Amino acid sequence: MNPKITRRRFIKGVIYSASAAASGAGVYVATAASNRSNGAVERLISINVNGRTRRVDVLPQETLAHTLRYRLNLTGTKLACNRGECGACTVMIDNVANYSCSLLTHQVKGREVTTVEGLRAADGTLHPVQQAFIEELSPQCGFCTPGQVVSAAALLIANPNPTREEARQGLSGNLCRCGAYDHYLNGVMRAAELIA
Amino acid sequence: MTFMHIGKDFLPPDVEGKVTGDAKYAEDFRREGMVFARLLTSPMPSARIVSIDASAALRMDGVIGIITADDLPPSAPPANPMLASEYVTYVGQPILAIAAISEHIAENALDMIEIEFERRDFVTDPLDSLVEGGPNAYPEGNAMVLTAPEGDENTASVGVISPVKWPAAEIEKLRLGKEPNGTFTAGWEYGELEAEFAKCDVIVEESFVTAGVPHHCMEPRTSMVYWENGKCYFHASTQSQSSVNNGLAAMLGIAPENLCIINENTGGGFGSKGTSYPTMGVAGNLSRLLNRPVQLRITREEEFYIGVGRPGMQGWIKIGAKADGQVAAVDVIIISDGGPTGQNSASSSAGHISVLYQPDAMRLRNIPVFTNTAPRGAQRGPGQNEMAAALAPIMDKVANQLGMDRVAFRRLNAANSDSGIYEDQGPVTSAFMREAIDKGAEMFNWQAKNSLPRRRGNKLVGIGVGQGYHGAGGYGYDGLLRILPSGKIVIHSGVGNLGTYSYAATSRAVAEVLQCDWGNCEIVHARTDLHLPHSSTQGGSNTIFTHSRANYVAAVDALNKLKEIAAAEFGGTVDDYSIAEERVFKTNDSTMGMSYGEAAQKAIELGGRYSGAETPDDIDPITQRAVAGIQGTGLIGVAKDNLERKGTPPGEIVGFVEIEIDIDTGKIEVLDYLAVADCGTVMHPQGFSQQMNGGGVWGIGMAAYERHVYDPQNGLPANLGLYQSKLPSMLDVPATMASAAADIPDPFNPMGGRGIGEPSQGCAVAAMTSAIADALDGHLFNRVPVTSDMIVNHVAQNTVDSVPLKINTF
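Listed in order, the protein sequences are those of chains B and C. Everything in the first sequence is counted per my numbering, starting at 1 for the first residue and increasing by one. Everything in the second sequence is counted per my numbering, starting at 1 for the first residue and increasing by one.
If you're looking for bench data, these hints aren't it; they were derived computationally from the structure. Please read these numbers as outputs of a predicted model, since none were measured by experiment. All C-beta atoms in this analysis are idealised placements derived from N, C-alpha and C, irrespective of residue type, glycine included. Where hints are given, some of them may not hold.
[Unchecked claim] Computed footprint of chain C on chain B, listed as stretches where at least three residues anywhere in the stretch have a Cβ under 8 Å from a Cβ of chain C: (1) 75-87; (2) 105-118; (3) 137-144; (4) 159-171; (5) 175-183.
[Claimed, not checked] One-sided and incomplete, this derived list gives chain C residues near chain B with beta-carbon spacing under 8 Å: (6) C217; (7) M218; (8) L559; (9) L716; (10) A718; (11) Y723.
[Unchecked claim] Below, in silico cross-link-like pairs of lysine to any residue (SDA-like), each with a Cα-Cα straight-line distance of 25 Å or less: (12) C/K726 / C/E660; (13) C/K397 / C/T633; (14) C/K24 / B/E42; (15) C/K24 / B/N73; (16) C/K667 / B/R52; (17) C/K667 / B/E117; (18) C/K8 / B/V96; (19) C/K24 / B/E117.
Just chain B, with the same shape it has in the complex:
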């Protein structure tokens, strides 16, 4: 996890924004229809997502996962638990894997956010992790897969030539209920070969 954005800092951020972390942070607001006063917290912010600067209107307590899914329509980022337990919502912040359900969007101003949709090259070429996961038939149901892909991509940035055990540790924050772990690890190891 990104050492600069800790779980404690996330919780502190929610408290400072004076909203209910338990319920409000997990609730989708359809439009910019909320007319509540939010004090001095800026609503319209710029965030860098997949290499593009996006202006978005976000609530103070809004998580990055919700901004990505419901304001920017980047639905590849999945919400399976919405409480920092499973990793289905994993994105990269400045090339480090983070749970986007446990980050406030306001915390990523000025940072580079990369979602699963941002890994493919501009010409459509798949990222080596994506290519390797296809070749190894890594996904089963696919719901955790975007998170696994992003975690693997982040791992390979930090460690382009991991051992299988290092890969296992690197992806251990991503749960897969189908139990496709073996195939995901095969995918990571093949991706490392493709990158080499």
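With chain B fixed as given, assemble chain C onto it according to the hints.
Relative to chain B, chain C alone:
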């Protein structure tokens, strides 16, 4: 038989979308004017709803409407109602749904609703309810008395709720591992039980407990629904685009042809999405009520509440074996914890024993008891897998008392193609479990590993073997394909897409029969308005067998039509024609022929059964409608699977495991895992490996981690989330898992295959519990999961203040 496609890996069409994020699940869809629904759920395990006052909520800006049980058809318990009416019977039971222009507003509106409850006594442990004077989960009673024979695992039990009580002394006997004398409401028997026990040299009696386990599919079961021109369009998370139609249409009070189910991907089902489920009905009826598209997003917590779970078991078993190792008699008692829905898998649990150990006589006595815990439903290998968990170390005890090797004991008792199974001792299509055991023992190096010292420093070593079984296929579904004038071959599939890729693997039976390039084939699935045939649910390990047969018969129909059209054009009979390179031609003169595309154009011109204008009489109405939707677009191949039948196609797997147990922490480390399947021909090697390994992960979870936990004081669930439920993570399973197959074709599937998705868990959990007992010098915990605290306490010889056979709590 050498296949062109079967047995080879291929690229399933949905994989790329899963790795790029393009794959859409129900919650990813939006619709103009869509509103957001939130559920108000029961905060208590058992209560009567006295009144509901939603007036303040409905006055809020942005609130669009509400739905309660009053807006829905009445439902009689123990059927799981769409919304609770008079009584709630579990924490998290949906009572009403409210819709607003945002989820935030809907959530806030829930806080404005006042409900007056009248508390009722509740119960979380079946034995606490079964004992005289114990509380009942329903006002009417605590047990299901069946009024109709039990159907398959996707069929709800039919019966009435009645009070059944046992004397306290009999409950106590059961808790102490003795045979109780109480009232049972279900069961079966075959053979001469007492006579067979009399022939036995070793008799073992043990109790057992297996935990209820939530499914915890990664995708919570969100629905998005809208209505257009009297037709309902339903984005669903489901295990089939076909077999949920009738049930969901009934919930909505519409004809099935007015329902369009849209389901491109499903983020896990494991049995919990095999049929229509209550929140589908809530979303659909609310959308119609409001005349607006409605999304009902389900949270992780709600998924625990309503996503159903595996029933638990409390039981007693007596096993008798002869000196030569043959299991002669088995007597088993199962108290089923069916939650409030009464799901009962006891017959399947007992059936597991009848298949894998082939006793000459057997008896099951069973009573399903309701509890105020989470609803229960079918879960991966329902019945069989939890029995696999309980049984393995007990069977090891029998083998050890006989002085037999544990693998040799299982091999001796294994089924073959002439064996009978279950209470009717009905036939199997084929069985080659001995071949699988032999292969596995050799690959795992059983003899050498079983001779290893059982201690390495502060680690205890356990070597285990276990077996899994599940019926692996069905008969009588329909196949549908068409050959277009362009020459493209379009295969229609209503099988759901859970990520087993079997919807695609079975479609390759068409390419096999038509000897065509797989790249020229397209699979149509995901939306019922794309004209999908009557298909089974993707569950019960049945897709491989069931739908390779169904696709085979449709392809044979198409092949015959190709030859008939060619014969009409070039003379002779169909027997004079052959196919190759997507052409049909006269065998002795290949110039006299036509391409598949040209034949398809002829089929359109001919009409009748060639173009789909006429259909076979025996196909399902769903398939009739599907054919009507595509008639005239090409050559239609459609048929019901009327191929020869012979009983149950068995899916059997043997698992081997080596573990180390840290005696200081109780942590179990799985060092080596191998599973070998008796599943006929392996049709899709990568998909096979996925299911074998994935089931292995599930088995490890069942053996050592997962369970329902309730606070017995308040009936509150303590493990709503993934973390507390302790699904196995990548660090809880080996970095590499191995699998193989006996790979002997099943003669009752032209493609040779049988399914393995479910026994892959059963063999793993059985191998694990076998290994744990082995590591601990044969000690039996008589329950799963075996958690680290239990191991630490056992090793330290601590006396733990515990009630035997307790369930659903620590």
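| query | How about the segment 105-118 of chain B: do at least three of its residues have a C-beta closer than 8 Å to a C-beta of chain C? | reply | holds (count 3)
| field | Coverage of the segment 137-144 of chain B by chain C (three or more Cβ within 8 Å) | value | Holds: 8 residues of the segment 137-144 of chain B have a Cβ under 8 Å from chain C.
| message | For C/K24 and B/E117, compute the direct alpha-carbon distance and say whether it is at most 25 Å. | response | 13 Å, holds
| task | Identify whether the interface hint at C/L559 stands, where standing means a beta carbon of chain B within less than 8 Å of its own. | result | 30 Å, violated
| Is C/K397 within 25 Å of C/T633, Cα to Cα? | The given pair, whose Cα atoms are some 64 Å apart, is violated under the 25 Å limit.
| query | Given the hint that C/K24 pairs with B/E42, does the C-alpha gap stay at or below 25 Å? | reply | 32 Å, violated
| request: Sort out whether B/E117 lies within 25 Å of C/K667, counting only the CA atoms. | output: Distance of about 39 Å is beyond 25 Å: violated.
| message | Tell me if the straight-line CA distance from C/K8 to B/V96 falls inside 25 Å. | response | 38 Å, violated
| said: For the restraint on C/L716, tell me whether the closest CB of chain B is nearer than 8 Å. | reply: 16 Å, violated
| message | Hinted pair, alpha-carbon criterion (25 Å max): C/K667, B/R52. Please report holds or violated. | response | With a Cα-Cα distance of about 46 Å, the restraint between C/K667 and B/R52 is violated, given a limit of 25 Å.
| query | the segment 175-183 of chain B covered by chain C? Criterion: 3 or more residues, Cβ-Cβ distance below 8 Å. | reply | holds (count 9)
| said: Tell me if the interface restraint on C/M218 is satisfied: Cβ within less than 8 Å of some Cβ in chain B. | reply: 4 Å, holds
Comparing the model with each earlier hint shows violations of hints 8, 9, 10, 13, 14, 16, 17 and 18; every other hint is respected.
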